[in-house]
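Q: Got chain A; can you put chain B on it based on the hints?
Protein chains: 2
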Amino acid sequence: MIQNSVGRMVPNIVNGIPQVPFKGVGKFSPEGNQAGPLIRNCAEFPMDGNKIVGSLKEALKKAGLKDGMTISNHHHFRNGDLVMNQVFDIAADMGVKRLRWFPSAAFPCHKPVIDHIKNGTIDWIEGSLNGPLGDFASRGGMRGTGVLRSHGGRWQAVQDGEVHIDIAIIAAPTADEFGNATGDRGPSACGLLGFGLVDTLYADKVIVVTDNLVPFPCVPWQIQGQNVDFVVVMDKVGEPEKIVSGTTKLTRSPDRLYIAEMTAKFVQAAGIIKEGFSFQAGAGGTALAFAIYLKEMMIDAGIKARFIRGGSTKYLVEMLEAGLTDFILDGQTFDLEGIRSMRENYGHVNTSPFTSYNWHGKGNFASMVDVVVLGATEVDVNYNANVVTHSDGRMLHGIGGWQNCLFSKCTILPIPAFRDRIPIIVDNVTTLVGLGELIDVIVTERGIAINPLRKDLIKATKNSGLPIRKIEDIKAEVDDLIGGPPAKPESTDEVISIVKWVDGTVIDSIYKIKE
Amino acid sequence: MIQNSVGRMVPNIVNGIPQVPFKGVGKFSPEGNQAGPLIRNCAEFPMDGNKIVGSLKEALKKAGLKDGMTISNHHHFRNGDLVMNQVFDIAADMGVKRLRWFPSAAFPCHKPVIDHIKNGTIDWIEGSLNGPLGDFASRGGMRGTGVLRSHGGRWQAVQDGEVHIDIAIIAAPTADEFGNATGDRGPSACGLLGFGLVDTLYADKVIVVTDNLVPFPCVPWQIQGQNVDFVVVMDKVGEPEKIVSGTTKLTRSPDRLYIAEMTAKFVQAAGIIKEGFSFQAGAGGTALAFAIYLKEMMIDAGIKARFIRGGSTKYLVEMLEAGLTDFILDGQTFDLEGIRSMRENYGHVNTSPFTSYNWHGKGNFASMVDVVVLGATEVDVNYNANVVTHSDGRMLHGIGGWQNCLFSKCTILPIPAFRDRIPIIVDNVTTLVGLGELIDVIVTERGIAINPLRKDLIKATKNSGLPIRKIEDIKAEVDDLIGGPPAKPESTDEVISIVKWVDGTVIDSIYKIKE
Numbered sequence: 134m135i136q137n138s139v140g141r142m143v144p145n146i147v148n149g150i151p152q153v154p155f156k157g158v159g160k161f162s163p164e165g166n167q168a169g170p171l172i173r174n175c176a177e178f179p180m181d182g183n184k185i186v187g188s189l190k191e192a193l194k195k196a197g198l199k200d201g202m203t204i205s206n207h208h209h210f211r212n213g214d215l216v217m218n219q220v221f222d223i224a225a226d227m228g229v230k231r232l233r234w235f236p237s238a239a240f241p242c243h244k245p246v247i248d249h250i251k252n253g254t255i256d257w258i259e260g261s262l263n264g265p266l267g268d269f270a271s272r273g274g275m276r277g278t279g280v281l282r283s284h285g286g287r288w289q290a291v292q293d294g295e296v297h298i299d300i301a302i303i304a305a306p307t308a309d310e311f312g313n314a315t316g317d318r319g320p321s322a323c324g325l326l327g328f329g330l331v332d333t334l335y336a337d338k339v340i341v342v343t344d345n346l347v348p349f350p351c352v353p354w355q356i357q358g359q360n361v362d363f364v365v366v367m368d369k370v371g372e373p374e375k376i377v378s379g380t381t382k383l384t385r386s387p388d389r390l391y392i393a394e395m396t397a398k399f400v401q402a403a404g405i406i407k408e409g410f411s412f413q414a415g416a417g418g419t420a421l422a423f424a425i426y427l428k429e430m431m432i433d434a435g436i437k438a439r440f441i442r443g444g445s446t447k448y449l450v451e452m453l454e455a456g457l458t459d460f461i462l463d464g465q466t467f468d469l470e471g472i473r474s475m476r477e478n479y480g481h482v483n484t485s486p487f488t489s490y491n492w493h494g495k496g497n498f499a500s501m502v503d504v505v506v507l508g509a510t511e512v513d514v515n516y517n518a519n520v521v522t523h524s525d526g527r528m529l530h531g532i533g534g535w536q537n538c539l540f541s542k543c544t545i546l547p548i549p550a551f552r553d554r555i556p557i558i559v560d561n562v563t564t565l566v567g568l569g570e571l572i573d574v575i576v577t578e579r580g581i582a583i584n585p586l587r588k589d590l591i592k593a594t595k596n597s598g599l600p601i602r603k604i605e606d607i608k609a610e611v612d613d614l615i616g617g618p619p620a621k622p623e624s625t626d627e628v629i630s631i632v633k634w635v636d637g638t639v640i641d642s643i644y645k646i647k648e
Numbered sequence: 134m135i136q137n138s139v140g141r142m143v144p145n146i147v148n149g150i151p152q153v154p155f156k157g158v159g160k161f162s163p164e165g166n167q168a169g170p171l172i173r174n175c176a177e178f179p180m181d182g183n184k185i186v187g188s189l190k191e192a193l194k195k196a197g198l199k200d201g202m203t204i205s206n207h208h209h210f211r212n213g214d215l216v217m218n219q220v221f222d223i224a225a226d227m228g229v230k231r232l233r234w235f236p237s238a239a240f241p242c243h244k245p246v247i248d249h250i251k252n253g254t255i256d257w258i259e260g261s262l263n264g265p266l267g268d269f270a271s272r273g274g275m276r277g278t279g280v281l282r283s284h285g286g287r288w289q290a291v292q293d294g295e296v297h298i299d300i301a302i303i304a305a306p307t308a309d310e311f312g313n314a315t316g317d318r319g320p321s322a323c324g325l326l327g328f329g330l331v332d333t334l335y336a337d338k339v340i341v342v343t344d345n346l347v348p349f350p351c352v353p354w355q356i357q358g359q360n361v362d363f364v365v366v367m368d369k370v371g372e373p374e375k376i377v378s379g380t381t382k383l384t385r386s387p388d389r390l391y392i393a394e395m396t397a398k399f400v401q402a403a404g405i406i407k408e409g410f411s412f413q414a415g416a417g418g419t420a421l422a423f424a425i426y427l428k429e430m431m432i433d434a435g436i437k438a439r440f441i442r443g444g445s446t447k448y449l450v451e452m453l454e455a456g457l458t459d460f461i462l463d464g465q466t467f468d469l470e471g472i473r474s475m476r477e478n479y480g481h482v483n484t485s486p487f488t489s490y491n492w493h494g495k496g497n498f499a500s501m502v503d504v505v506v507l508g509a510t511e512v513d514v515n516y517n518a519n520v521v522t523h524s525d526g527r528m529l530h531g532i533g534g535w536q537n538c539l540f541s542k543c544t545i546l547p548i549p550a551f552r553d554r555i556p557i558i559v560d561n562v563t564t565l566v567g568l569g570e571l572i573d574v575i576v577t578e579r580g581i582a583i584n585p586l587r588k589d590l591i592k593a594t595k596n597s598g599l600p601i602r603k604i605e606d607i608k609a610e611v612d613d614l615i616g617g618p619p620a621k622p623e624s625t626d627e628v629i630s631i632v633k634w635v636d637g638t639v640i641d642s643i644y645k646i647k648e
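Residue numbers (the numbering used here), protein chains in the order written: chain A, 134 to 648; chain B, 134 to 648.
No lab work stands behind these hints: they were computed from the structure.
For glycine and all other residues, C-beta sits at the position ideal for the given N, C-alpha and C.
A couple of the hints might just be wrong.
Unchecked claim - Taking lysine-lysine pairs in the DSS-like style, the calculated list, with each CA pair at most 25 Å apart, reads:
1) A:LYS160 / B:LYS195
2) B:LYS592 / B:LYS542
3) B:LYS160 / A:LYS195
Unchecked claim - Take a look, some chain B residues computed to stay more than 12 Å from chain A by CB distance:
4) LEU171
5) LYS251
6) GLN289
7) ILE555
Chain A with its partners taken away, still in its complex shape (with noise of 0.2 Å):
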C-alpha cells in the first residue's frame, strides 16, 4: 500500500497488475500507444456475410471460452439484462473456472452470479457492482479484487490496454447476420448500445445477442458487423420496462423537491441558463426534479439550450420536442420515452464514453457542458465527494459517469443534508471518488454552499437572495441536529476494491466491512 497525492493508501498491485496511485487532477501524463486489436482476415469470416451460430453455447465454444478468460457487456438493459446470467451458466455447465467478469455494470438482476463466484467459474468483477453483487463483495466474497471505473475511465482502460476482453457479448434488440445492431428499435430496444462500443472495438471475439432480426442492413448500426465474429437469435435478449428502477424515478420527496428547485434558482442566478446554454442533469430522482424547474424557467425566459447531455428521460425528451434544445447528447436512454426519442428524433444523438468522457483522447464532451447536477453519498467540508460507498463502507454503487462529469463548467451536488438519521456533509468521506477542486456547490435542504475556489459563483449569486451559506455551518446545524458527525464505519484494513480516477489512476481502496 502506498499513500497518493490526496493521502488515501492505496495498493500499488492489484490482481496482478501494477498500479499508478493518483496524483492530482491532470497531473498524470500517459505514454505511450493504445492497445491494437489482432489483425483479423476476412478470408475466415463468411463471404455472404452469415455469422449466425446456432446458440449462445455454440458462439461461447467456437469464442474459444477458456479458464481465465475476461468476459464483458454492456449494461443498456440496466435491471432487465436476460442475456449474462445464461452467459455464466453456461460456463459453468462447461466447466470453465476463473473467469473475469467486466460489465460496464452489474444490477441486481445478476444477483444468480454470486453463486459463480462462490462455484469457481467466475473469480471477481470488474466494473460498477449495485446492490446485492456490492454487499456481496464488501463482505469479501470475491477472489480478486475489484476495480470501480468512471464510464470514461472503462473506456479508457480497454483502449490504453489495461484490460484485454477476451470475449465480449453484446445484447442487441436488433440486428442483422452480419453482427450490424442498434439499440433503438425491436421488441427489446434499450436505446443505444455505447456502452459496449469499446468492447466491440477491441476484443477478441465480439459475440452480438439479438431476439429481431432484420435483413442486412441493420440500420442504424450503432455496432458494426465488421468488428463482429458471432450472431446469436434468441427469444429476449432484456426487459425495457426494467431499466426504469431505483435511481430513475422522479422524487417526490417534498425536501428533495425543494433542494431540486433551489438548485435550478441557483443556476438561474449565476447566470448560466441563457440562449445556447448546455447542462446534463443525472437520473436521480432530485436530479430529474431540477431539470423540470430549469424547463419552466427556460419557457418563462424565452431561452433555447443548444444541447442536454442525456442519460435520457421522457423529461428531457420533452423538452427537445418543445423545441427547448437543439440536441440531446445522450449516452444512455433511461425510459421508454428516451428510446423512442433516440429512434425517431434527429436531434436525440447517440454518443459513446469515448464521445463523451474518455480522459485519454483530444478533449471529450463532458468539460463543454455548462452545468451539470449530480448525485452523492458523502461530501467532505472541502467539497470532496463519494459516490460508491455508504457511510456504513459498503460499496452499493457503480461510479457511472459521475467522475467525468466532474469536469463541467459548474458540478453541482444537490444533495438532503442528511439520510437516514445520517449525516451527509462529513470530516471525511468513506471513499473519495472526486475532488473538491471540481466540485463547486452543494444544495442541500438547509443552505447552499459554494466552494470558495468559484469566487466568480459567490459574486455572481452574492444578491440572490438564495440561502448562501457557508459548508461548515451547514455541517455543524446537521450535526447538532443529530447529536455529532458519524461514527466512523467499520471496516477491515483488507482491500476490496480499488476506485480509479479517469487517467486510470487509483485515487482510494474500499475495504471489507466489519461483520
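A: Chain B alone, transformed into the frame defined by chain A:
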C-alpha cells in the same frame, strides 16, 4: 525483385519497407496486432473544446510539421479540392523537405504538387494518381516508389501499421470548434468524409479545415472531434461542382449504351434481379447507364432492392426516393444530388472503407453484394484485369474500390472491345490488378463472355438469347479487325510504383515508361 504467385515480378523492399509478394486470393494470413495510436490526454486540450487556431500555417506548425513526415488527406472533393495545394505551399515556404504525401487519391487539380516534388518538399506520393500526376510518376519523376492501394487496402495499411500518418488534413464542409465534422452540409458540402476516417483514427495529429463553422455540436459528426487536434477556418475548402468530373458522367456513346443494356439484360437473365437483391455500379458512364436500364427492369418486374452500394449519383438517389431500394450504402457522393440525399434521406447511409472494403476485418460489405459492375482498361483471356495503367504503360488511374468490389457474388466488366483502335482484350494485361478468378463476366459490344469458372451463370443464361461467346473468339475478332494484338508497351525495368492486393501483398509492379 521476386516473382509472386501469379508470375509477376515485384520488389521485396519498397521505400525501405519489406514487402510480401502476392500469395493468391485469401492465401495470406496476417499475424499480430493493429497499430495502436498514441495515447492522448485531455489535460493537453482546451477544456472549453475550442481547438481553433489562426491559420493553416499555424496548425501545421503546432502539429510539428517537419522533414520526412507523412501527410494525408481524403479525396471527397475529387477535382475540387482547395486545401492540399495550400498545405504543400506552406510546407515549401517553411523549408520542409522529403515529405510523403498519402492522399486517398490525387486529381488533376493537384498538378502543382509536381513542382513541390521537383523542389524537394515532397519525395513521393503514395495513393491513387489520376491524370497528370500519374503521367509524371510514370516518367520517373518521384523520389520514392508509388504504392497503389484500393480503398480497403488503404484502410488496411494504416490499421495494420504499414503506413504511419504524422499529420492528417481533413477538409470539412461543416465543423464545430471541437473538430466534429461532416461532409453532408455547408456551402462546400461534398457528402461524406469516410475516406478520411482512418486518417483521423490513427494519425498523430489531425487538422480539420472548414469553411463553415457551426456551434458545437456539429451533427452528424462523421468525423469525431475527440480525434482532432486543431481546427482551421478558411474561406473555401472545396468546389463541390468539380466532384462531377470525367468518369462520373452518363455515357452518350451508342456502343456504351448498348453495352450497358446488355449488362442489365445479362443480370436479369442470370436471375439476379429479385426481391431484396443488391448491386453496386461505379460512377463510370457505362455503369451509370447500366443502373438506369436496371431501374426500368425493376419497375417493370415490381422488384425492390434491399440496398445499393454507392458512389451515389442522382440516378441512385432517384431509385431510393422512388422506393426501389431500402438503402443506399454510400462510400462517396459523386454529384450534388447524392450530397443532398445523404443529408435528407434516412436510407442514404454514410459508410467508410472499413465498413465496405477492409480485408483485415471480420468481414466487409463488398462480398455481400449480389452484382457489381466495374470498368477496366484491359482484360486478358483468363479474365485478369487492369484498371491502373493504359496499354502504353502509363499509370493514369487509381484502384478506388475496384479490387475490393471483385469479391461480390457476381462481378461484371462492361467494356468496349477496343478504345482508340486499341483492343481491350489482350494476351497479358500490362498491369495485373484483379484476378480472373474473381471476375465473372465481360460484356462488350461484340458479345458477352462468361468466366468458365462460373458454370452457374453459364447455365442460367444459356437460353437467354444474349450474345454469349468465348472471350477468345471476341478477342480474335477484334484483333482481326484492328490487325493483330497491340504492341507491347515500351517501358524500362525501373519500378515507379507497386500495386497492392487487398491484403497488403504486392500483386504487380508498374514500370517507368520509355520516353
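Q: Confirm or reject each hint.
A: Hints, verified against the model:
1. Only pairs whose Cα atoms come within 25 Å are accepted, and LYS160 (chain A) paired with LYS195 (chain B) is accepted, the gap being roughly 22 Å.
2. Using a Cα cut-off of 25 Å, the hinted pair LYS592 (chain B) and LYS542 (chain B) holds, with the two alpha carbons roughly 16 Å apart.
3. Simply put, LYS160 (chain B) and LYS195 (chain A) have alpha-carbon atoms about 22 Å apart, close enough for the 25 Å limit, and the pair holds.
4. The non-interface label for LEU171 (chain B) is inconsistent with chain A: the shortest C-beta to C-beta separation is roughly 6 Å, within 12 Å.
5. Residue placement check: LYS251 (chain B) keeps its beta carbon more than 12 Å from all beta carbons of chain A (closest about 36 Å).
6. With a least beta-carbon separation of about 9 Å from chain A, GLN289 (chain B) fails to lie farther than 12 Å from that chain, contradicting its non-interface assignment.
7. Against chain A, the non-interface label of ILE555 (chain B) holds: every CB pair exceeds 12 Å, the least being about 35 Å.
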